[in-house]
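K.L.:
What follows is the residue order along each chain.
Number of protein chains: 4
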Amino acid sequence: MKRRCVVAVIGAGDAPRAICKLAFELGREIAKRGAVLVNGGRTGVMEFAAAGARKEGGHTIGILPGYDRSAANRHIEFAIATGIGEARNAVIVASADAVIALPGEGGTLAEIGFAKKFGKPIVALDSWPEIEGLRRAETPVEAVAIALKLAAAR
Amino acid sequence: MKRRCVVAVIGAGDAPRAICKLAFELGREIAKRGAVLVNGGRTGVMEFAAAGARKEGGHTIGILPGYDRSAANRHIEFAIATGIGEARNAVIVASADAVIALPGEGGTLAEIGFAKKFGKPIVALDSWPEIEGLRRAETPVEAVAIALKLAAAR
Amino acid sequence: MKRRCVVAVIGAGDAPRAICKLAFELGREIAKRGAVLVNGGRTGVMEFAAAGARKEGGHTIGILPGYDRSAANRHIEFAIATGIGEARNAVIVASADAVIALPGEGGTLAEIGFAKKFGKPIVALDSWPEIEGLRRAETPVEAVAIALKLAAAR
Amino acid sequence: MKRRCVVAVIGAGDAPRAICKLAFELGREIAKRGAVLVNGGRTGVMEFAAAGARKEGGHTIGILPGYDRSAANRHIEFAIATGIGEARNAVIVASADAVIALPGEGGTLAEIGFAKKFGKPIVALDSWPEIEGLRRAETPVEAVAIALKLAAAR
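Protein chains in written order, with the working numbering: chain A, 1 to 154; chain B, 1 to 154; chain C, 1 to 154; chain D, 1 to 154.
Incorrect hints may appear among the rest.
Identical copies go unnamed one by one, so any copy, or any two together, can satisfy a pair.
Said to hold, decoys possible - In silico DSS-like links for lysine-lysine, alpha-carbon gap of 30 Å or less: (1) K117 - K21; (2) K32 - K117; (3) K149 - K32.
Please keep in mind that the hints were generated in silico from the structure rather than gathered at the bench.
Generate the whole structure from the sequences, applying the supplied hints.
P.N.:
And the structure:
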């Protein structure tokens with residue numbers, strides 16, 4: 001079995017509506033392109049990205065901080081209850097072939113740090129201008145296209 | 001979306017052929033019953049259980065100790081690269097609704113310990129007579145039936 | 001700097017008085033012998049072992065499941081806030097040169113499993129007769145003597 | 001027992017000499033002020049900070065990524081073998097009352113992200129101008145003074 005490409009979408013758990021809309025479009029595009037979505041399984045960017053992916057019939061994996069799988073949002077198909085708290089951010093990034101970043105705070109910054117450490121391609125969609133070494137995209141379609149291309153080239 | 005029941009199959013990574021055959025039958029039965037298989041994603045019991053589940057079209061999740069997703073056996077559909085080493089045993093158990101144990105060694109014993117700690121139903125198939133508090137099954141079909149019944153009752 | 005030998009004492013967080021007394025004596029003996037005590041940093045066996053070690057001026061390290069260092073018992077000198085939940089049991093065992101087990105439940109069983117997996121010497125003090133491959137001791141002094149001897153031989 | 005204040009010093013494992021010298025001075029000052037040093041236990045900034053702290057008789061804790069305690073640098077008094085890989089960065093930050101950052105790369109960025117997430121005070125010594133919300137210091141003495149003041153105010 002050839003395993004599908006896996007893309008992580010990271011960003012704030014309490015993102016404003018406009019960012020959530022971008023997350024939804026990212027999820028849709030990831031699924032349309034046949035890739036799997038992985039993220040933290042909770043609210044905000046995580047929930048809308050998963051909703052978008054499911055709308056197109058894609059697979060969604062949520063890497064939860066706690067032990068309660070029912071804490072996953074309802075668009076998560078496979079809920080992994082790590083119980084390892086915020087350290088689960090490293091697992092999200094390690095389990096992806098590429099990372100797409102939306103605006104976020106400390107947790108998202110930690111994920112970007114891990115993506116750099118692990119040498120994973122990172123595409124910033126309208127966000128994180130202060131961090132060097134990220135690829136830049138202006139639309140969800142462009143972000144996913146870059147992410148999949150970089151993932152394939154690894 | 002109602003999430004499917006998830007069953008962990010645990011046991012030795014270097015199990016003899018007879019045990020691997022039981023693992024294969026467990027995987028088949030889990031998939032036939034519509035449940036998802038989760039395990040450590042590597043060799044032996046993990047590989048044969050995943051092969052059985054995939055043969056019946058079931059979903060298989062491998063919770064790997066390292067960062068390399070390609071270390072998963074080829075029957076793992078979704079490879080989670082935790083990078084947290086043997087501590088990933090806690091994640092396997094926490095991510096399951098029930099655990100079915102085959103013969104194993106220290107890693108399997110740790111998983112049984114976590115299953116007790118987390119209050120997850122544990123079904124021992126022809127194994128672990130020395131550990132109290134496990135349910136006993138004599139065939140893969142019986143083990144899966146008990147596991148699913150106990151999982152549903154939680 | 002030659003690092004001191006580190007001994008883990010494991011057992012129930014809600015152990016009865018007689019077991020706690022054994023834990024206290026284990027802690028005392030570990031400190032008297034110049035070794036460092038590591039454990040889960042909480043109550044019961046963990047608290048009494050740490051109290052014993054501190055009484056003799058020994059160092060005590062508590063590997064906590066959560067993020068709150070103030071959750072450590074007051075005899076823990078160095079509180080490590082792992083935030084990784086019960087998976088911290090693997091860290092306790094990995095950070096020790098030898099493990100001494102008192103009666104316990106699932107968490108203790110997980111630690112014994114990890115100790116076997118990691119090839120760490122395990123001394124059972126009046127406990128765990130059902131588990132093979134452990135060394136047996138009848139008094140705290142004997143348990144520590146065996147643990148230090150096995151640790152030195154690694 | 002009142003527990004001592006714990007300060008994490010974070011930065012590159014392959015830092016140039018000038019940065020290592022700053023790390024050494026940070027370690028010295030942390031120990032002089034009676035605080036405990038925690039870090040990742042390896043090379044570069046981690047090694048020099050620990051050397052400085054030990055020179056002043058301070059305690060040093062190294063939170064290692066792997067299972068081999070002998071991988072700690074020789075100035076680490078207490079080596080915690082987490083085995084959880086880079087996720088150990090979350091443990092370093094969670095175990096500190098304040099964080100002092102020197103220049104670094106992905107791993108250090110992940111630690112800064114976690115420190116923000118956990119609400120820990122972060123003092124940047126001549127580094128990370130691009131990250132908002134950090135306190136700035138120009139000398140090791142000033143950095144430690146700010147870190148201890150912020151830690152005490154929590």
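K.L.:
Hint by hint, which ones does this structure get wrong, listed from lowest number up?
P.N.:
none
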